[in-house]
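Full structure from sequences and hints, please.
There are 4 protein chains.
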Amino acid sequence: MFIQIFTTGGTFDKVYFDALSDYQIGEPQAGELLQQARINGDFALQSLVKKDSLELNDADRDLIHAAVSACPHRHILITHGTDTMTVTAATLADIEDKVIVLTGAMQPARFRDSDAPFNLGLAVGALNTCPDGVWIAMSGRIFAADGVAKNRIAGVFESK
Amino acid sequence: MFIQIFTTGGTFDKVYFDALSDYQIGEPQAGELLQQARINGDFALQSLVKKDSLELNDADRDLIHAAVSACPHRHILITHGTDTMTVTAATLADIEDKVIVLTGAMQPARFRDSDAPFNLGLAVGALNTCPDGVWIAMSGRIFAADGVAKNRIAGVFESK
Amino acid sequence: MFIQIFTTGGTFDKVYFDALSDYQIGEPQAGELLQQARINGDFALQSLVKKDSLELNDADRDLIHAAVSACPHRHILITHGTDTMTVTAATLADIEDKVIVLTGAMQPARFRDSDAPFNLGLAVGALNTCPDGVWIAMSGRIFAADGVAKNRIAGVFESK
Amino acid sequence: MFIQIFTTGGTFDKVYFDALSDYQIGEPQAGELLQQARINGDFALQSLVKKDSLELNDADRDLIHAAVSACPHRHILITHGTDTMTVTAATLADIEDKVIVLTGAMQPARFRDSDAPFNLGLAVGALNTCPDGVWIAMSGRIFAADGVAKNRIAGVFESK
Numbered sequence: 001m002f003i004q005i006f007t008t009g010g011t012f013d014k015v016y017f018d019a020l021s022d023y024q025i026g027e028p029q030a031g032e033l034l035q036q037a038r039i040n041g042d043f044a045l046q047s048l049v050k051k052d053s054l055e056l057n058d059a060d061r062d063l064i065h066a067a068v069s070a071c072p073h074r075h076i077l078i079t080h081g082t083d084t085m086t087v088t089a090a091t092l093a094d095i096e097d098k099v100i101v102l103t104g105a106m107q108p109a110r111f112r113d114s115d116a117p118f119n120l121g122l123a124v125g126a127l128n129t130c131p132d133g134v135w136i137a138m139s140g141r142i143f144a145a146d147g148v149a150k151n152r153i154a155g156v157f158e159s160k
Numbered sequence: 001m002f003i004q005i006f007t008t009g010g011t012f013d014k015v016y017f018d019a020l021s022d023y024q025i026g027e028p029q030a031g032e033l034l035q036q037a038r039i040n041g042d043f044a045l046q047s048l049v050k051k052d053s054l055e056l057n058d059a060d061r062d063l064i065h066a067a068v069s070a071c072p073h074r075h076i077l078i079t080h081g082t083d084t085m086t087v088t089a090a091t092l093a094d095i096e097d098k099v100i101v102l103t104g105a106m107q108p109a110r111f112r113d114s115d116a117p118f119n120l121g122l123a124v125g126a127l128n129t130c131p132d133g134v135w136i137a138m139s140g141r142i143f144a145a146d147g148v149a150k151n152r153i154a155g156v157f158e159s160k
Numbered sequence: 001m002f003i004q005i006f007t008t009g010g011t012f013d014k015v016y017f018d019a020l021s022d023y024q025i026g027e028p029q030a031g032e033l034l035q036q037a038r039i040n041g042d043f044a045l046q047s048l049v050k051k052d053s054l055e056l057n058d059a060d061r062d063l064i065h066a067a068v069s070a071c072p073h074r075h076i077l078i079t080h081g082t083d084t085m086t087v088t089a090a091t092l093a094d095i096e097d098k099v100i101v102l103t104g105a106m107q108p109a110r111f112r113d114s115d116a117p118f119n120l121g122l123a124v125g126a127l128n129t130c131p132d133g134v135w136i137a138m139s140g141r142i143f144a145a146d147g148v149a150k151n152r153i154a155g156v157f158e159s160k
Numbered sequence: 001m002f003i004q005i006f007t008t009g010g011t012f013d014k015v016y017f018d019a020l021s022d023y024q025i026g027e028p029q030a031g032e033l034l035q036q037a038r039i040n041g042d043f044a045l046q047s048l049v050k051k052d053s054l055e056l057n058d059a060d061r062d063l064i065h066a067a068v069s070a071c072p073h074r075h076i077l078i079t080h081g082t083d084t085m086t087v088t089a090a091t092l093a094d095i096e097d098k099v100i101v102l103t104g105a106m107q108p109a110r111f112r113d114s115d116a117p118f119n120l121g122l123a124v125g126a127l128n129t130c131p132d133g134v135w136i137a138m139s140g141r142i143f144a145a146d147g148v149a150k151n152r153i154a155g156v157f158e159s160k
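Residue numbers (the UniProt record's numbering), protein chains in the order written: chain A, 1 to 160; chain B, 1 to 160; chain C, 1 to 160; chain D, 1 to 160.
Worth flagging that the hints you see were computed from the coordinates, not collected in a lab.
You can trust all of the hints, since none of them are fake.
Below, simulated DMTMM-like cross-link-like pairs (lysine to aspartate or glutamate); rule was C-alpha separation at most 20 Å, straight line:
#1 C:Lys50 <-> C:Asp83
#2 B:Lys50 <-> D:Asp22
#3 B:Lys51 <-> D:Asp22
#4 B:Lys51 <-> D:Asp18
Quick look at the structure:
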């Protein structure tokens with residue numbers, strides 16, 4: 001199984017820039033985490049956008065849609081900020097013949113206690129087993145993309 | 001989805017004991033990793049055995065079989081050493097009406113660059129989506145338990 | 001050697017709050033890191049302020065001065081944001097009969113690749129060996145507090 | 001301050017080799033940890049031996065002595081297994097005009113909760129402030145090399 005990863009930023013890739021006293025989106029972390037996981041199979045990673053997902057606009061989502069549509073591979077993994085993950089997922093619903101899984105993190109992958117490695121494993125589990133369609137892998141659950149919402153207060157994704 | 005975790009030892013839980021200048025099986029790590037992953041749902045963890053999987057014997061496997069059979073929950077996650085994971089999986093094949101997923105790690109969960117959090121996510125992905133049966137979640141893949149072997153030299157699980 | 005730790009916030013203790021999409025000062029990390037380091041000796045930790053050091057004001061510094069002055073112990077370790085560490089250090093210069101060491105971090109202690117554990121070790125090294133006075137332990141160096149400046153562009157402390 | 005690092009193995013550098021179901025000495029970790037600590041100054045690292053310190057013999061110690069003696073730099077940092085750290089330190093006592101600091105770890109540097117980064121910071125603190133001689137930086141303390149012993153049961157170094 002070949003996995004094409006598209007990264008779009010979000011907490012998953014946040015890094016601290018001391019010179020700015022601020023956190024910003026850094027280099028994508030998913031590739032390093034997959035190598036660390038010693039997966040049996042190849043993957044490629046392309047960074048499409050580096051934004052907090054609250055700042056993603058229509059042009060960004062058009063770009064993501066175009067990249068996924070044009071991708072020759074069937075298994076697509078997208079790392080994405082959690083706040084508008086379902087919005088982007090909805091725009092991908094018309095793409096056929098692909099298993100598309102979005103995941104993200106509540107704590108940056110660079111943190112020692114991040115949920116990022118687990119969530120990435122969860123997403124790859126979904127790529128292995130889910131039929132064509134758009135899926136969200138968060139909070140230890142795999143949701144159909146149109147049946148889930150983020151509960152911001154509780155910090156979890158849940159069925160809607 | 002309630003997840004019942006049974007731990008059996010293996011590299012996943014190895015810890016270094018300085019007083020012995022040796023590594024041994026320590027306390028199970030899966031519970032802490034699930035909390036860190038902020039999963040939406042409850043789970044329980046029971047430690048059945050603490051052994052390197054090369055040292056598991058028939059009595060240990062009988063114990064594991066009995067615990068899984070007697071468990072009232074449908075979703076069972078077993079952490080297990082990788083060297084004989086398929087042997088134990090085979091003994092569980094007669095258990096009905098349960099989704100049983102075995103996973104493990106090539107590097108102890110206490111290592112910074114361990115594959116353990118990813119593998120645990122992969123296993124939980126399988127619990128979400130696989131039908132009843134026995135499954136092995138390793139190397140970024142979800143395998144039917146009777147169709148996989150560990151390639152010890154390459155350090156990956158692959159279809160046989 | 002008993003070590004009294006006073007924490008004041010800074011990058012050292014920053015944590016990500018997903019509900020706010022923002023980083024803020026979290027619980028002090030120095031105590032956990034000292035336990036992890038298995039030090040031979042006792043310590044106590046008191047949180048005085050939780051601020052980015054650019055936001056510390058005169059009242060905060062008066063509070064820090066009062067706490068250090070009133071402390072019955074000789075060895076004082078202060079974790080502090082890096083941007084105004086030298087300003088706070090200067091206000092402590094009149095305190096006698098104490099070894100006062102300030103340290104901090106360029107990357108939050110919760111990051112896997114943080115400089116925080118190393119810097120804490122460096123500071124404890126200074127507590128072991130430096131005479132009474134105020135010292136800054138950063139960038140692998142131990143500086144007299146009035147002889148050092150942060151080079152914000154280069155991200156290091158250096159002699160001035 | 002230029003730091004010359006000599007590595008000799010020990011728990012500090014232990015890594016798990018799955019193919020052997022065993023832990024062995026891996027590549028030296030001190031260089032990566034110093035980079036992570038963003039130290040202000042240059043250093044060089046040379047691996048002299050890769051052994052558990054219980055297995056170091058006279059020939060190994062002659063090699064270490066020769067390397068330190070021949071080194072043109074004044075500040076020497078040696079990473080070493082903890083069980084015979086004081087034995088090696090004693091053989092270096094005749095070397096003049098150098099600050100020699102030995103450190104190690106109770107838990108491998110590759111562990112998430114290792115004492116290795118802290119201990120390395122402690123050792124660099126000693127290099128900054130100690131006079132010429134041989135020093136052991138362990139357990140949050142800096143000891144003259146001939147005044148310390150490892151308490152194997154308690155897992156700490158203490159004055160003898």
